[in-house]
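A.B. asks: Since each chain sits alone in its own frame, please combine them into the complex, following the hints.
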Amino acid sequence: GDSVTQMEGPVTLSEEAFLTINCTYTATGYPSLFWYVQYPGEGLQLLLKATKADDKGSNKGFEATYRKETTSFHLEKGSVQVSDSAVYFCALSEGGSQGNLIFGKGTKLSVKP
Amino acid sequence: SAVISQKPSRDICQRGTSLTIQCQVDSQVTMMFWYRQQPGQSLTLIATANQGSEATYESGFVIDKFPISRPNLTFSTLTVSNMSPEDSSIYLCSVAAGVNYGYTFGSGTRLTVV
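Taken in sequence, the protein lines are chains A and B.
Residues in the first sequence are numbered consecutively from 325, following our numbering.
Residues in the second sequence are numbered consecutively from 746, following our numbering.
Hints were generated in silico from the structure; no laboratory data involved.
These numbers were taken from a predicted model, which means no experiment stands behind them.
Some clues are possibly wrong.
[Said to hold, decoys possible] A few chain B positions that, by computed beta-carbon distances, are all more than 10 angstroms from chain A:
(1) ASP756
(2) CYS758
(3) SER763
(4) ASP771
(5) GLN786
(6) GLU799
(7) TYR802
(8) PHE806
(9) ILE808
(10) PRO812
(11) PHE820
(12) ASN827
(13) SER829
(14) GLU831
(15) SER852
(16) VAL858
[What the hints assert, rightly or not] Facing chain B, a subset of chain A residues (Cβ under 7 angstroms, in silico):
(17) PHE358
(18) TYR363
(19) GLY367
(20) LEU368
(21) LEU370
(22) LYS373
(23) ASN424
(24) LEU425
(25) LYS429
(26) GLY430
Yeah, the Cβ is synthetic: ideal placement off N, Cα and C, and Gly gets one too.
The following block holds chain B by itself, in its conformation from the complex (with noise of 0.2 angstroms):
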């Protein structure tokens, strides 16, 4: 299955600020996810970024926030910007390694906001 690199794994940040998040793939994949994690909480899909289009954002997370970016089939990054407090998180990227391999994760950025 496919394996990412996901960048920074952590990083603590001033409120207004913004911190771009990286995700190498090692094999090149269609669509790309971006979850985010908030403390204690279950995992909420933020977009679906396909290469060559606009990300699909899901109800809630809007390109403003969030803008992510899609260069090729292996890379892809998002933007957390504009942060408060409430954006403290822990945001993954996925991809789909085929129906019989399930969804492969990156190890996460865990994401402090003061």
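Chain A extracted, bound-state conformation (with noise of 0.2 angstroms):
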């Protein structure tokens, strides 16, 4: 079945230092395709999507291509922040609007000043 894998965390970085984090993904047909933030004590919130291959989705500074040639949806900040410290997502979807998410297990990312 279809499946995200991410790059395992904690990931601690200081701050103005460049992010990447992983995602590679399997799936049948062409997914759609997210990074999803969760703040401490909040709900998750779509960061960013891709609904086809090399697609680029972009938000807040971060960025994510759709690499359909090695399934990747790697997720890239150029500087990052003290508030960007959260849980960060990786998920696919291949229902369109009739389908489910499936999630990578998480990345947990913490910025130190």
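C.D. replies: Written out as structure tokens, the structure reads:
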């Protein structure tokens, strides 16, 4: 079945460091790909998404490119801030608006001042 | 995108009791999804709820333990029945807000069973 594999955390960075969180997927079709963020004590928020190969999703300085050839959707940010400390989940959906999300295990990011 | 109001936000319950979680959406949606997030873990789909039909449960989840109602296109409830400490988790509802908007989540219900 479909699955998402995320790099394990926790990840600890200094402020202004470069961030990469790796995400690869397995799917039978052509899924939509998502990154969600969960700040401490809060629910899930959509960070960015891409619905087809070579699409780049971006938001709040974060970017991820849908790479069909490597089945990857790595999350990057050029300069992290303390306020980016959160858990990041990579997810996919194959069913359009009728399908559920399949999540990776999540990566906890801590940014130190 | 859709906005979901989820209640309660948290609760502490005695083992053996039941808790019903409600999700109200500000627009009509076909499918609603219920997830569980155990402490420090990722989200696992419990069931998919369609209006007017029985919910579809994922492997490891059964209707007797997690009955779901979906009386209309904007509302759903999930009940956690005969609770034990192992049910302590965050429970979240979600709707698909169209492929261009991603999925929207309720704020979650943090359940502690003592």
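A.B. asks: Now tell me, hint by hint, if it's right for this structure.
C.D. replies: Here is how each hint holds up against the structure:
1. Under the 10 angstroms C-beta cut-off, the non-interface status given to ASP756 (chain B) relative to chain A holds; the minimum distance is some 15 angstroms.
2. The beta carbon of CYS758 (chain B) is kept farther than 10 angstroms from every beta carbon of chain A, the shortest such distance being approximately 20 angstroms.
3. Non-interface call for SER763 (chain B) relative to chain A: holds, since the shortest CB-CB distance, roughly 23 angstroms, exceeds 10 angstroms.
4. The beta carbon of ASP771 (chain B) sits about 16 angstroms from the closest Cβ of chain A, which is more than 10 angstroms, so the claim that it is off the interface holds.
5. For GLN786 (chain B), the non-interface assignment is contradicted: its Cβ lies about 7 angstroms from the closest Cβ of chain A, within the 10 angstroms cut-off.
6. No Cβ of chain A comes within 10 angstroms of the Cβ of GLU799 (chain B); the nearest lies about 16 angstroms off, and the non-interface call holds.
7. At roughly 12 angstroms, the least C-beta separation between TYR802 (chain B) and chain A is larger than 10 angstroms, which holds for a residue marked as non-interface.
8. At roughly 13 angstroms, the least C-beta separation between PHE806 (chain B) and chain A is larger than 10 angstroms, which holds for a residue marked as non-interface.
9. Every C-beta of chain A lies more than 10 angstroms from that of ILE808 (chain B), the closest at about 17 angstroms, which supports listing it as non-interface.
10. The Cβ of PRO812 (chain B) sits about 19 angstroms from the closest Cβ of chain A, beyond the 10 angstroms cut-off, so the non-interface label holds.
11. For PHE820 (chain B), the non-interface assignment is confirmed: its Cβ lies about 18 angstroms from the closest Cβ of chain A, beyond the 10 angstroms cut-off.
12. Non-interface status of ASN827 (chain B) relative to chain A is upheld: no Cβ of that chain comes within 10 angstroms, the nearest being about 25 angstroms off.
13. No Cβ of chain A comes within 10 angstroms of the Cβ of SER829 (chain B); the nearest lies about 24 angstroms off, and the non-interface call holds.
14. Listed as outside the interface, GLU831 (chain B) is consistent with that label: its C-beta sits roughly 19 angstroms from the nearest C-beta of chain A, beyond the 10 angstroms cut-off.
15. Its beta-carbon lying about 4 angstroms from the closest one in chain A, SER852 (chain B) breaks the requirement of being farther than 10 angstroms from that chain.
16. Even its closest Cβ contact with chain A, about 19 angstroms, leaves VAL858 (chain B) beyond 10 angstroms, as expected for a residue assigned away from the interface.
17. Look at PHE358 (chain A): its Cβ gets to within about 6 angstroms of chain B, closer than 7 angstroms, so that hint holds up.
18. For the restraint placing TYR363 (chain A) at the interface with chain B, the shortest Cβ-Cβ distance is roughly 12 angstroms, beyond the 7 angstroms limit, so the hint is violated.
19. For GLY367 (chain A), the shortest C-beta to C-beta distance to chain B is roughly 4 angstroms, which falls under 7 angstroms, so the interface hint holds.
20. Contact between LEU368 (chain A) and chain B, as hinted, is supported at the beta carbon level, the nearest pair being about 4 angstroms apart and thus within 7 angstroms.
21. Interface restraint check for LEU370 (chain A): the shortest CB-CB distance to chain B comes to about 4 angstroms, inside 7 angstroms, so the restraint holds.
22. Using the Cβ-Cβ criterion of 7 angstroms, the hint placing LYS373 (chain A) at the interface with chain B is satisfied: the shortest such distance is roughly 5 angstroms.
23. Taking 7 angstroms as the C-beta cut-off, the interface hint given for ASN424 (chain A) holds, the closest approach to chain B being about 5 angstroms.
24. Satisfaction of the interface hint for LEU425 (chain A) is found here, the shortest Cβ-Cβ separation to chain B being roughly 6 angstroms, below the 7 angstroms cut-off.
25. Taken as an interface hint, LYS429 (chain A) checks out: its beta carbon lies about 5 angstroms from the nearest beta carbon of chain B, inside 7 angstroms.
26. Checking GLY430 (chain A) against chain B: minimum C-beta separation of about 5 angstroms stays under 7 angstroms; hint holds.
Consistency note: the structure conflicts with the earlier hints numbered 5, 15, 18.
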